[in-house]
Structure formats: structure tokens, C-alpha cells
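> Sequence lines, in order, name chains A and B. The working numbering puts the first sequence at residues 1 to 504. The working numbering puts the second sequence at residues 1 to 504.
FYI, nobody ran anything at the bench for these hints, they're computed from the structure. Quantities reported herein were computed from a predicted structural model and do not represent experimental measurements. Any given hint could be a false lead.
As the list claims (entries may be wrong) - Label-pair ranges, simulated between beta-carbon atoms:
#1 L188/B with R210/A: 33 to 43 Å
#2 K128/A with E470/B: 43 to 53 Å
#3 S309/A with H474/B: 26 to 36 Å
#4 P320/B with A406/A: 56 to 66 Å
To be verified - Sample of chain B residues lacking proximity to chain A, with all beta carbon distances greater than 12 Å (derived):
#5 I5
#6 P207
#7 H223
#8 F231
#9 D235
#10 K239
#11 L350
#12 N408
#13 H458
#14 D500
Just so you know, even glycine gets a beta-carbon here, dropped at the ideal spot from N, CA and C.
There are 2 protein chains.
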Amino acid sequence: MDKRIGHAGLASRVMTAAQAAELIDPGMTIGMSGFTGAGYPKAVPKALADRMMATQGHGDPFRVRVLTGASTAPELDGALARADGIDMRLPYQSDPELRARINRGEMDYLDIHLSHVAQYAWFGFFGKLDLAVIEATAILPDGSLLPSSSVGNNKTWLDLADKVIIEVNHWQPLEMDGMHDIYYGTALPPHRRPIPLIKPDDRIGEPYLRCDPDKVIAVVETHAPDRNSAFAPIDETSKRIAGHLIEFFRHEIAKGRLSPQLLPLQSGVGNIANAVLAGLQEGGFSGLTAYTEVIQDCMLDLLANGVVSVASATSFSLSPVGIERFLADIEFFRKRIILRTQEISNHPELVRRLGCIAMNGMVEADIYGNVNSTHVAGTSIINGIGGSGDFARNGFLSCFLTPSTAKNGAISCLVPMVSHVDHTEHDVSVLVTEQGLADLRGLSPRQRAKVVIEHCAHPTYRPLLQDYFERALHSSRGKHTPHLLAEALAWHERFLETGDMRPK
Amino acid sequence: MDKRIGHAGLASRVMTAAQAAELIDPGMTIGMSGFTGAGYPKAVPKALADRMMATQGHGDPFRVRVLTGASTAPELDGALARADGIDMRLPYQSDPELRARINRGEMDYLDIHLSHVAQYAWFGFFGKLDLAVIEATAILPDGSLLPSSSVGNNKTWLDLADKVIIEVNHWQPLEMDGMHDIYYGTALPPHRRPIPLIKPDDRIGEPYLRCDPDKVIAVVETHAPDRNSAFAPIDETSKRIAGHLIEFFRHEIAKGRLSPQLLPLQSGVGNIANAVLAGLQEGGFSGLTAYTEVIQDCMLDLLANGVVSVASATSFSLSPVGIERFLADIEFFRKRIILRTQEISNHPELVRRLGCIAMNGMVEADIYGNVNSTHVAGTSIINGIGGSGDFARNGFLSCFLTPSTAKNGAISCLVPMVSHVDHTEHDVSVLVTEQGLADLRGLSPRQRAKVVIEHCAHPTYRPLLQDYFERALHSSRGKHTPHLLAEALAWHERFLETGDMRPK
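Please model the entire structure based on the sequences and the hints provided.
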């Protein structure tokens, strides 16, 4: 690729971020790129936030509705939140400033299954999309885009938006050319057809994002890195969680319910997920596949040594060291990593067909296997459900992982009743903490309670849960799912009052 | 078809139900036919129950594990429950005796998405299947079975079970020949392929159930009708609920988000569902399709007059009058009704591809759009989740319908927090009561609360919900999903104490 902006007409639309931000109107609904801190626009949102603050200084409110792939970074969510510039945000976020505003009730946030976002936009459920602001690695001579480090909902935003602003980021490596697979076979019902993907490494689309040059109102050049942070070393608790899960996999292989190659792995982001992947490597697994959302550093290790033969995702989330490593061996990785649109990475049709092994973190689970992935004490959102529901509902195994306690033991992550439900008892098959693993498959609610308390609860809280369960068994009106309603949320109430779930 | 038992070897295995029941051992896991009171075995379960009671008279416990398609009838669930003969039951039930035992904690019940049952059996999550007891309309010369009035999980039970008992029911009309479509293209991951169904009337399988004659240990002949009851006339409340929903459909057509033919309809069983279908007829709709679970009487009307052009399901649930009507015009209906396995009727891949309009009843919803489909006051199960989750998660629209109150106003079906969650806020797009319709699409939790309270709540409870919401807005720690944890379940507590959710 000779130059970053290969289309003459679009080269003539290069301007500064501030100039581009002038083209954005209050009240617009804007689809932006970005998924898990990768591939988000680095300059225009910040310039827009500056403009908002200037306008607001004159007493005029200036807010927009912002749709993305998932979480972004301080330059997007943080900047716009600080400017009080977001009226509505979806479908996932992890920014401290944005989160604070949401939980103060100052803006609206829609927490949506990642597999639902693109289709809801196409269905018209979010209204008209005025603008797309999309980061690209380069613009090709025909106007199509070499995507950057995430694909997310970019295809949908580019197709649906009236106008488009492109950020061409010179920091994004041109060597990614050929790694993306943009599927253009989607349609609205009743015109949908089977999605022709049967293996994680099937390529069913095109390497570039189509983009109508006539819609492009601005091109902005940037040179800024993604929100890449170095990973913390894997802690002992995460190692123990990973150990229990891998022991369970071995048990399932021995029983003939899984092959030694397992099934395509989906794993959330973070320390526990890293520990599981590292544990698979140490455990001698090989020839595995991943059909997941995000490629983290540890996946490069697994690909390099053949533990994983191919990884499909919608986004990178590499540390600076990881990026160096990736670029140093780009020819190797290009054959083994595929980045797709998130409607395909998370599609229920594909997750079910492939039989993914879903491994996601959680906030808390209750003794009957309901899982809260999003809320503290039922009211404050942390990040969002993300893709956990897409994989938990449709995968071969639906595993949720957490340390058994949080805040130095003040919070038990196993509770009598979760304060918010993101994954129901019908969608959860395995719970894992550093204490052990509860295999809930084929169990009734009462049977589940016994294994959750025995295997997953921290010793401090185990007798408290056991006491609750026994008293509920005795006094509950119905004994299918025994509960004492007056006490069911008392642990959360106590935490709100005293900062500690443990009774005085 | 000359005779009901066309296979010579199987004709030689005809015996009485009592003789067949002697072949069943304590502790067996048994897959039985039956879905929504249709196509369940009529004689063997009853004979087994008699045997159990006789055995128990001698002090020997005799219990089995029973897997079906969905609910059955007194001759199966009722008889075995009265004999205390069920150790574990899945995935759905509606029998009063069985329900009472479950809620007394005397047996285990697994409430499972109907689309998950067959695959979990194939995955080995329910252990080995010892026996299948399957009702058929006839046995063909090659040993395959003409299915009866429901298909359910029969294919899976016949394929997986070590042994098979067939009940040939002479009451089931031979004229159903050609209406069934049994898909044999399923596989275990990683060998799954796209399911080649793109329209509700596509036939992708075979008209008969394959059955290995060598596995058949008994054939029992019966002459008993399904659990068909006449339908109650449509009441005023149901009519009003249906009216709101149909008005919403018209609005969506006007906005261009739905075509006049809508999208394939899925509707639950019962009075409200009937009212919706009748309302579509009165409203002048035509050329609709149904991709649903059960064919009720009213669907025959809609097919007869062209309101619906084709209906796909997994079961019939016709009244005696409905059956007469069906048989009188069998050639017409055979071209327009298809009965499939329930893994196909409820498959997430297909529900999403077709873009079904999901319409299901519920027990209660909360102001934030979480839905309880199964539990009274969080602890006693009524029936089960059935297929509601399969359609709600994957359909184009996910609608839940209920009268705004129950028990003469003593229960509000809109509450501050549901006492059990079967469908999360992420999976619910429309709530309807006789009071009105709340369109939750694109709304944050606080925005949802406003429309739910304003449009759906009964006037008696509306100010109470409004009061809760305002105080939660003020005092809740987090204001993304405002709640007062100490009060969130207080309405249910009050109902348990006084029999009435209304404060004194």
C-alpha cells in the first residue's frame, strides 16, 4: 500500500479534527468505531468535546447520542462524558467518568447484547443514524477502508449513516492488511440466509470495509496509539480458578463429552481469562481454536506455540509489548488471526453451530445459578453485559468465573439472591471460584444450591449461605427455588450500610 | 396406509401396557413423547404408575427420571406424580399434582429452554437415556414411525435410548401422514452445518421418525384422545391486550419497520394468544405466517381464511371441535401445517434468521423490563420457561403479555422488582397489559420505568409504583437502575403475608 489515503477525492477532504468537529450538530446520533479500547477514533471525539464545552460556555446545550462497538477510551468516552456531551450511550462502556455520570443518573445508557446491536440499528430501533466516525488504517483507491485494530459495528455504521468522518491512524500497522473478514451477506428478515461459516477460520467476507466516498464529509489523520496497557502478572487466585476449570475440561475429555481439542474457546478480557489460557498452555493442550471477541497478548503466545491453531475475534487488545511481538511475526499471525464484525463474532447462529466454550467473568452469582454481570448492589452499573449473553446462551458450555470474594472479603461473590440478573438459571452451566467448581448441568435449583455453596463459596461465607439455604428450605412458601424474600437481598443492604456483607 | 402396525417383527411385539411396564426398571432415565398435552403416551405411564404403587406397597421405592417435549397430561405426569414415581422431570410441565410435589420439594424439576433439551441430551448432560416411550400414529413396514400429534423431542429420544416402547394410538388420524418434517441434519459440534431453512414452510427433513426395530421391546395399542379441552371464549381483558398489540403492529407498519405481512408469528398458548390471532383476523391482516410451537383451534380459522398462509410448529393442541374441523378439511391443512422437532421449531439460528415476532405470556414484569415467566413470589414454580426464551432472545420483537393484575386485583403483574428473572432487561422489547403497551426499545432503565408505569400498570397500583420509582430515584445508591433494596420485594412479601399486594 503506497500511501494511507489512496482515494484522490477523499485526500482532498483531509482537515483537522477541530474542523471535522464543526460538522457535527447537537442531537445527532453517531456511530463510532471502537471495541475494548481498540480502533476507536482518537481525535474527533476530543475535538467535539472541546467544541461542546465552548458552546456550553455560551449556555447552549450540546449533546449527542453515541453508539459504538463496545468500550473505547478516555479520548472518546472520557472526553465526551467530561463535556457532559452524551445524551445516550450504547452498548457497552468501561470509562470511569462515563460510568460515574450514568450512575448519577445524568445520562441514559443502554446495556445491550453485543450480537443485537447491529440488527437493532438496521431494524430502526435506535432511530436514524446521522453520522459515522470510524478509525481506519488506510483508505484504498476505491474508497474502501482497511480496518484498524477492531471491526466492531463499523460495517453497520458506515452502511447506515447519512454522513461519514474517517480518522486515518498512521499508528495502526498497514501489515494488518488481509486479517479482516467483513461479511456482507446479512439482510433484514424475511430475506436472511444461513451464514456460511462452519469453522473458526472460515473466511466468508471481504478484507475491507465498503464506504461510499460521497458520504465522507471529512478525513482526519492521527498518529495515536490504542488504549493499550501492559497486563498485570497473573495472580494466585486467577491461577486457582483457571486450574479448577482446566481440571474440569480434563474430566469432560475423560468422560468423552469433549475431545482433546475441546471446542472453540470464547473468553472475556482480563486476568482470569489470561490465567485460563496460560493454564491450557501449561497443561499440554494443543490444536485448540478460539472464536471470541478480543485477542489479548496471551493469545499470541498460544498461537506461536501451537496451543491454539487459529483465533477469530472482532478486536485486538494488545499491550505495547504485544504489538511489537505481533508486528515482528506478522506473516505468521496474519494466517492465524481473523477479525470479523461483531454481529458475526457474537452471532447466536454461529456460537451455537460451533459449540463455543464460553468463559466469562461476573460480579456475583446466587446459590441457584443466576448470574449478575453488570451491577453493584442492583443499582450501579459497572461496564455492561457485553457479549457474555451471546456466548452463555448459545455455547456448548456456559462458564462464569470470579474470585469468591471482593474488596478484601467484604463482598461475597456468591449470595442468596443476585441483586440484578443478566444470565438466568437457564443459561448457566458452570460456576468457578478459587475455592472450586460447581457443575450445574442437569441439576434442579436445590441441587445447584448445594454444589454452589460447597464448591464455590469462600469459607467465611459458606456457613452463612448454608444457614440461609437451610432456613429457606424450611420456611419458603415454595420449595422449588427456596427463598426468604425478606432476607434475600439483605447481604447487599448490609454492604450498602456498613461497607461489608459480613454481619457484625 | 393399510394397517397401523406395518412391520411384521414389531407386530409380534404387541403386548398390554401392563406387560410393557414390567420391562421398565427403577432408576431408569426415560424420554417420553408429548408436547402441550398432545402426542404423549396414554397407557404405559399409567401402567407404570400402577406397578410403582404396587411395588411401593412392598416397601421398595420405584422412581424414574422423565424427560419429555413439554407438558403432557394426567395420564402421564399426573399418574406418575401420584405414584411418587418421578425422581427428576424436565423440561416443562403443567400438571397440578406434579407441580404440587415440585413445590413441596419432593422431587427435582429442571426448567430448561426447549431449544436446549435435545442438544443437552446429545451432549450427555443428562446421562444415559435408558428408554424411550413414544406415541405414534402408525408403524410403517420399514419400522419407521408416522408421528402423532406432536413431534417434540421424539427424534432425539428414539435415537439416543437403549430401548424403545411404542404406543400406537388408533385415535390419532392417519390423515396426518405427510404433515411432519423430521430434520436429520443435526450433529454434535464441531460437525454442525447451517440448517437449510429460510422460510416457515420449507421442508428440510423426512415425514417419518426413524426407529431401529431391534431396540423396540414393546408395542402397545391405544385408542385414547389427547388432552384436548374446549377453549374458553375470549374475555374482554384479552381482547384489550390484543388490541394494543395490533395497534402497535399497525404503527410499526406505518413507520416502515414491519411489512403488512409482518414477520413469522410465534405465540404462546391460551386466551391472550387466541385473542391476538383473532384480532389479526378482524383487523384485516392477510398472508401472514407462523413459526411457532403449537397449533391451536384459532390457527385453523386463520389458515382457512388466508389470514395465515402457513404455520410451522411442533405440536397440535386442538379441541374436539378443532379436530373435527381439521379432519374435515385435511387436504387443505396438510399443505399449510408443518410439524417439526422442537429443536428446529425453537432453534435460535432459525428464530433469528426468520425474525419471528415473539408473543408470550408472563407472571410479572418489573418497571425496568425484567420478566418472570415461571415463579409465584420467587419460590413456587407454575409451569416453566418453555420456549419463551428461545423466541424472546432471538426474534425480531420480543413481546410479553399479561393482564395488569391477577387474583381479582390482589396481585399486580407489574412490580418494583420481579421475584424471579427468566427474561432479562436485555431480552424484552414490548410489554402489554389491558391498560396499554410499553415499547421499551432503545430506552434506558429509567426511561423504561416511566413507560411501564404509565402504560401498563393498573390504576390501583400505578401510584404505588410511581412512588417507589421516585423514592428510588432519590435514594438509590446507583441511579442507573434505581432500587430500594429493602423494599424491592416487599410487594411479594406482603402478598405472602396477607394474600394481597395492596397495603392495608
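> Against this structure, judge whether each hint is valid.
Checked hints:
At roughly 37 Å, the beta carbons of L188/B and R210/A sit within the given window of 33 to 43 Å. For the pair K128/A and E470/B, the supplied restraint of 43 to 53 Å is violated, since their beta-carbon distance comes to about 33 Å. A C-beta distance of roughly 56 Å is found between S309/A and H474/B, which places it outside the suggested range of 26 to 36 Å. A C-beta distance of roughly 60 Å is found between P320/B and A406/A, which places it inside the suggested range of 56 to 66 Å.
Every beta carbon of chain A lies more than 12 Å from that of I5/B, the smallest distance being close to 35 Å; the non-interface claim holds. Annotated as non-interface, P207/B keeps its C-beta farther than 12 Å from every C-beta of chain A; the closest such distance is 23 Å. Every C-beta of chain A lies more than 12 Å from that of H223/B, the closest at about 36 Å, which supports listing it as non-interface. Distance check for F231/B against chain A: the nearest CB is about 29 Å away, which clears 12 Å, and the non-interface claim stands.
Every Cβ of chain A is farther than 12 Å from the Cβ of D235/B; the closest lies at roughly 28 Å, confirming the non-interface assignment. Remark: the non-interface label on K239/B is consistent with the geometry, its nearest Cβ contact in chain A lying 28 Å away (cut-off 12 Å). A Cβ of chain A approaches the Cβ of L350/B within 12 Å, the least distance being about 9 Å, so the stated non-interface status is violated. Separation of N408/B from chain A is adequate, the least Cβ-Cβ distance of about 20 Å exceeding the 12 Å criterion.
H458/B, annotated as away from the interface, keeps every beta carbon of chain A farther than 12 Å; the closest lies near 22 Å. Separation of D500/B from chain A is adequate, the least Cβ-Cβ distance of about 15 Å exceeding the 12 Å criterion.
Of the numbered hints stated above, those contradicted by the structure are hints 2, 3 and 11, listed in ascending order.
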